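Take 1 as the starting number for the sequence shown in the numbering used here and just add one per residue.
Calculated from the structure, these hints are not laboratory results. Worth double-checking, as some hints may not be accurate.
[Unchecked claim] Quick list of simulated restraints, FRET-style, between CB atoms: (1) 156 - 71: 27 to 35 angstroms; (2) 311 - 7: 46 to 54 angstroms; (3) 104 - 250: 34 to 42 angstroms; (4) 221 - 100: 14 to 22 angstroms; (5) 123 - 235: 37 to 45 angstroms; (6) 71 - 338: 35 to 43 angstroms; (7) 100 - 206: 31 to 39 angstroms; (8) 174 - 338: 36 to 44 angstroms; (9) 183 - 100: 20 to 28 angstroms; (10) 69 - 286: 22 to 30 angstroms; (11) 64 - 104: 15 to 23 angstroms; (12) 156 - 69: 52 to 60 angstroms; (13) 156 - 21: 36 to 44 angstroms.
Keep in mind it's a predicted model, so treat the numbers as computed, not measured. C-beta: ideal position from N, C-alpha, C; glycine also.
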Amino acid sequence: MSITSPLFDDLVEKVTANVTTLLKEAFTYSENEKAVIVYDKRSLLSRVLSAGYQKSLPNAQVIDFDETPPEEILCVLNALNPLDLTVLIQSTSFRLDAFRIRVELFKRKIKVIEHPHLSRMSDDQAEAYVDALHYDADYTRGAGRALKEKIDHADSGVVVSGGETLTYGCAFESAKLNIGDYSEMPNVGGQFPIGEVFTEAVDLKALNGRLKIISFGDIDYKVNVPPKPMTLLIKEGQVIACEDATPAFEVILSNIRRDEGVIWVRELGFGLNRALSKTRILNDTGSYERMCGVHVSLGAKHGMYGKPGFKRRDGMYHVDVFADTESVTLGDVCVFKDGVWIV
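Can you build the whole structure from these sequences, using the hints too?
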């Protein structure tokens, strides 16, 4: 897509509108705060986003990562004060030697908006990605908080997917929110798009049944869509078999079994982002996991929740798989049906 094409211009205008709302509603950004945009030109989305952010932040200092020496970038970032803003627009993921940009900025209480791995998205997914940046605070915060309330008080849960039933026969860990409300969080910002509530079973072994999945994160961290849905057979919290598994998914299962012995099911993620769905997909797993629906993680790695017998640094795998979700029930309350959250 040419940067002079009408479609490119339309995407930039949409980014500008979405980002302007995001800055106001989620970041309470004011012109009294400094802003720095670090970007590259290696992908369509990086060019679209950088153009939109520059229109939304006309006074920001703009840095082309590929054309600026690392020491100059560090000098600019080191001059920022707490509550200033940094926007990182990355076709891959920026590296400045041992300087972990987002981590180091968060330590200094600097706001960070990060758009990594944009080159994983195909050009025809640019519009979906841009739409996913739209921030409806009333919906995202309202649905997120309502889900957390129900998760935290539920004594059980059921996910129905493609006619299959997966039962959580216990309570859930206290849910975590990614809803653009940073008032009670140590850092302001993170990876975008946003819109997710996640938890896991208090007792991993209380998870039993079958889960039909329509896509998964492959070994390259891209969303892989098999020709037909696959069905996970789960007993006492572990995947014991998979029906209709593709060779690419068999590699995932084999790797986890080889390195961790068994395949645990850990995270239970509820995506809230209505711009993404079972059919409107982004190739980057980290972006697509916000899709409106359910995903779970395979593998022992889930550092947000400690479990007896699980050491935080021992788990090697956290592979997101996306369910063909029909409904979700928490306790005796249905919270998801017909593709929407009903909370």
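Against the structure, the hints come out as follows:
no.	hint	verdict
1	156 - 71: 27 to 35 angstroms	violated, 56 angstroms
2	311 - 7: 46 to 54 angstroms	holds, 50 angstroms
3	104 - 250: 34 to 42 angstroms	holds, 39 angstroms
4	221 - 100: 14 to 22 angstroms	holds, 18 angstroms
5	123 - 235: 37 to 45 angstroms	holds, 42 angstroms
6	71 - 338: 35 to 43 angstroms	violated, 54 angstroms
7	100 - 206: 31 to 39 angstroms	holds, 37 angstroms
8	174 - 338: 36 to 44 angstroms	violated, 28 angstroms
9	183 - 100: 20 to 28 angstroms	holds, 25 angstroms
10	69 - 286: 22 to 30 angstroms	holds, 29 angstroms
11	64 - 104: 15 to 23 angstroms	holds, 21 angstroms
12	156 - 69: 52 to 60 angstroms	holds, 57 angstroms
13	156 - 21: 36 to 44 angstroms	holds, 38 angstroms
Of the hints listed earlier, those the structure fails to meet are numbers 1, 6, 8, in rising order.
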